[in-house]
Amino acid sequence: MGEQSFLDRMISHLRSTSKYYTGYPKDRGPSRIIPFTSERQFVQLLHEGRPVVVAFTIKCPYTKHLDEVLEDAAAEFYPQIKFLRVECPKYPGFCITRQKNEYPFIEIFHSPEQQAANQGRTVDLNITKYSVKVLPFNYDQSVYGFREFFKRHGISYSQAN
1 MGEQSFLDRM ISHLRSTSKY YTGYPKDRGP SRIIPFTSER QFVQLLHEGR PVVVAFTIKC
61 PYTKHLDEVL EDAAAEFYPQ IKFLRVECPK YPGFCITRQK NEYPFIEIFH SPEQQAANQG
121 RTVDLNITKY SVKVLPFNYD QSVYGFREFF KRHGISYSQA N
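Going by UniProt numbering, the sequence shown opens with residue 1, and the numbers climb by one from there.
For the record, the hints were derived by calculation from the structure and aren't laboratory data.
Misleading hints may appear alongside valid ones.
Stated by the list, open to error - Ranges between beta-carbon positions, derived for each pair:
#1 P30 with S131: 28 to 38 Å
#2 G29 with Q99: 34 to 44 Å
#3 S156 with D72: 39 to 49 Å
#4 Y139 with N101: 19 to 29 Å
Unchecked claim - The calculated BS3-like cross-link candidates involving lysine-lysine, where the alpha carbons are at most 27 Å apart (straight line), are:
#5 K100 with K64
#6 K151 with K82
#7 K90 with K64
#8 K90 with K151
#9 K59 with K90
#10 K59 with K82
#11 K90 with K133
#12 K133 with K151
#13 K100 with K133
#14 K151 with K100
#15 K59 with K100
#16 K82 with K100
#17 K82 with K64
#18 K90 with K100
Small disclaimer: the values here were computed from a predicted structure and weren't measured.
Built from N, CA and C at the ideal position, the CB exists for glycine as well.
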């Protein structure tokens, strides 16, 4: 039983050949998508100063495809851009605040600017003010689409070419 069957060897050879020529199946490594757990976690991600791509999802057949696209994009743009997935049935309050009625959809939260210098006002250390630009993602849902979107909106990421 320690020896592989002919079929197992053929499938292994086919997979390695296919991967060599096409790049598929991809070895993405561990998932780079951060699961949404709370609004506090989301605000902490925004305070890191990196763009955050948020996918608002529900359980539907298209979500499986979207998850694969997000995994590819998260692996490519890690760690410059963070990817977060919100399962809207689990966190309806957070999803309702986005005021969308068609799911799944993607929004990109970009350029938080810390406003520590208030002009002549007393500053409460427990309150941090910041501004976030929210960009709806309406490009092709692929790694290429994310790359073009980031270029168009001036979001910096490093390319591993």
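Here is what the structure says about each hint:
Taking 28 to 38 Å as the suggested C-beta distance range, the pair P30 and S131 conforms, at roughly 33 Å. The hinted window of 34 to 44 Å between G29 and Q99 holds, with their beta carbons roughly 36 Å apart. Checking the proposed 39 to 49 Å range against S156 and D72 shows it is violated: the Cβ atoms sit about 20 Å from each other. Range check, Y139 to N101: Cβ separation about 21 Å, and the 19 to 29 Å hint holds.
For the hint pairing K100 with K64, the CA-to-CA distance comes to about 20 Å; that is within 27 Å, so the pair holds. Only pairs whose Cα atoms come within 27 Å are accepted, and K151 paired with K82 is accepted, the gap being roughly 16 Å. The straight-line distance between the Cα atoms of K90 and K64 is roughly 17 Å, inside the 27 Å bound, and the hint therefore holds. This hinted pair does not check out: K90 and K151 have alpha carbons roughly 33 Å apart, beyond 27 Å.
A hinted pair counts as satisfied when its Cα atoms are at most 27 Å apart, and K59 with K90 qualifies at roughly 11 Å. Restraint check: the Cα-Cα separation between K59 and K82 comes to about 22 Å, which is no more than 27 Å; the hinted pair holds. In summary, the hint linking K90 to K133 is supported, as the alpha carbons are separated by about 25 Å, within the 27 Å threshold. For the suggested pair K133 and K151, the alpha carbons sit about 16 Å apart, so the restraint of at most 27 Å is met.
Between K100 and K133 the alpha-carbon distance is near 17 Å, which keeps this suggested pair within the 27 Å criterion. Note on K151 and K100: the hinted pairing holds, with a Cα-Cα distance of about 26 Å set against a maximum of 27 Å. As the CA atoms of K59 and K100 are separated by approximately 16 Å, the hinted pair is consistent with the 27 Å bound. Our distance criterion of 27 Å between C-alpha atoms is met by K82 and K100, whose separation comes to about 22 Å.
Between K82 and K64 the alpha-carbon distance is near 19 Å, which keeps this suggested pair within the 27 Å criterion. For the given pair, K90 sits about 16 Å from K100 by alpha-carbon distance, which is consistent with the 27 Å threshold.
Violated hints, listed in ascending order, are 3 and 8; each of the other numbered hints is respected by the structure.
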